[in-house]
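J.: Those protein sequence lines, which keep their order, are chains A and B.
In terms of this note's numbering, the first sequence opens at residue 1222 and continues consecutively.
In terms of this note's numbering, the second sequence opens at residue 266 and continues consecutively.
It should be emphasised that the hints constitute simulated quantities derived from the structure, not laboratory data.
Among these hints, one or two may not hold up.
As the list claims (entries may be wrong) - Calculated cross-link-like contacts (lysine-lysine; reagent style BS3-like; alpha-carbon spacing at most 27 angstroms): (1) A:K1247 - A:K1269; (2) A:K1301 - A:K1259; (3) B:K278 - A:K1332; (4) B:K362 - A:K1336; (5) A:K1332 - B:K350; (6) B:K366 - A:K1307; (7) B:K366 - B:K278; (8) B:K388 - B:K278; (9) A:K1328 - B:K350; (10) B:K324 - B:K391; (11) A:K1328 - A:K1277; (12) A:K1314 - B:K366.
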Amino acid sequence: MIKGSIAKEIEEIFRRRAMEKYGYSKGAVSRALEAAIKLWLRYEYELKEEEGLNNKAFEEVVDELEAKSPGGHAVIAEGKLVGVYKSLEEAVKTRVKEGASHRIIFKIGEKPSPKVRLGWRAKVKSVGIT
Amino acid sequence: MESQSEVCWDYLKPDGRKAPALGLVVQGTLGTLPGKGEMLTRIDTGYDGFLLLSEDNYKHVGLHLSELPRRYWPEGETVTGEAFKLRRALALVYVPKAGLKLEGYIDTFQGNTENLTGLDFIKTMKLLLNGPSQQTCLT
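Working from the sequences, and respecting the hints, build out all of it.
T.: Here you go:
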């Protein structure tokens, strides 16, 4: 069972909408809460151990790489910097340890846009009754 | 009439309505998508990224092994305001019929079942969307 507290005004809106949607019954709020949690889980990705180590290593080396090797392609695996390569093709070809579940490759100094517009076509599997 | 340097693809008909598409091959760490030939992929100018792959395709080709740091994962937003955190990987994509090799960001998100080429993918291309003949042509 999940217990927690949220702002009163959000709770009121949530309860009202849940009952409008699922009826004025005892289970309405639970059903709406489950649908809301499923939506949140779609947004938040679980950080697995290997991925966490690689991201930590990235944060440790990124400033130095940006100063020393701008434009290169860096590979991070098993929680450490594997190398910097002239091309993506070379970087992708670096050996992947058997059973590896994650690796980071990025172009040093390149900052991708933080927002992407998805348009009308993007569709997702249902998150349940909403 | 097609010129010698023009290559064309028939429109896709994924859900009853024909749509512009082009054929590509994604090079991932674990292989190529598709394994043989090319993958006809819908062009969606409403998506302003490079290439969106279904979660299954993203994993199948090994893009989790060339992923960007989480700091660079973007937020995707639909026209209806729904927001998703996208996973993003750096990869090579080929358009074999045109002899093109492109480097770009490949996105996916939890629950995604679509493959789409976006504005970033076609930004350097001269494309003709030939409605009457239901073909996309690259010159």
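J.: CA of B:K362 to CA of A:K1336, is that 27 angstroms or under?
T.: violated, 31 angstroms
J.: Please work out if A:K1332 and B:K350 have their alpha carbons no farther apart than 27 angstroms.
T.: holds, 17 angstroms
J.: For B:K388 and B:K278, compute the direct alpha-carbon distance and say whether it is at most 27 angstroms.
T.: Satisfied, since the Cα-Cα distance of roughly 24 angstroms is no more than 27 angstroms.
J.: Assess, step by step, whether the Cα of A:K1328 is no farther than 27 angstroms from the Cα of B:K350, and give holds or violated.
T.: Holds - the C-alpha atoms of B:K350 and A:K1328 are around 21 angstroms apart, at most 27 angstroms.
J.: Given the hint that A:K1301 pairs with A:K1259, does the C-alpha gap stay at or below 27 angstroms?
T.: Measuring from Cα to Cα gives roughly 34 angstroms; hence the hint is violated.
J.: Between A:K1247 and A:K1269, does the CA-CA distance stay at or below 27 angstroms?
T.: It is violated: about 37 angstroms lies between the C-alpha atoms, which goes past 27 angstroms.
J.: Hint check: B:K366 vs B:K278, CA-CA at most 27 angstroms. Holds or violated?
T.: holds, 26 angstroms
J.: Hey, B:K366 versus A:K1307, does the alpha-carbon distance stay inside 27 angstroms?
T.: The hint holds at about 16 angstroms.
J.: Is the hinted pair B:K278 and A:K1332 satisfied, with a Cα-Cα distance of at most 27 angstroms?
T.: The hint is violated at about 36 angstroms.
J.: Given the proposed pairing of A:K1314 with B:K366, does the C-alpha separation stay at or below 27 angstroms?
T.: holds, 16 angstroms
J.: Has the given pair, B:K324 with B:K391, been kept, meaning a C-alpha gap of at most 27 angstroms?
T.: Violated, at roughly 31 angstroms.
J.: Starting from A:K1328, check that the Cα of A:K1277 is at most 27 angstroms away, please.
T.: holds, 17 angstroms
Violated hints, listed in ascending order, are 1, 2, 3, 4 and 10; each of the other numbered hints is respected by the structure.
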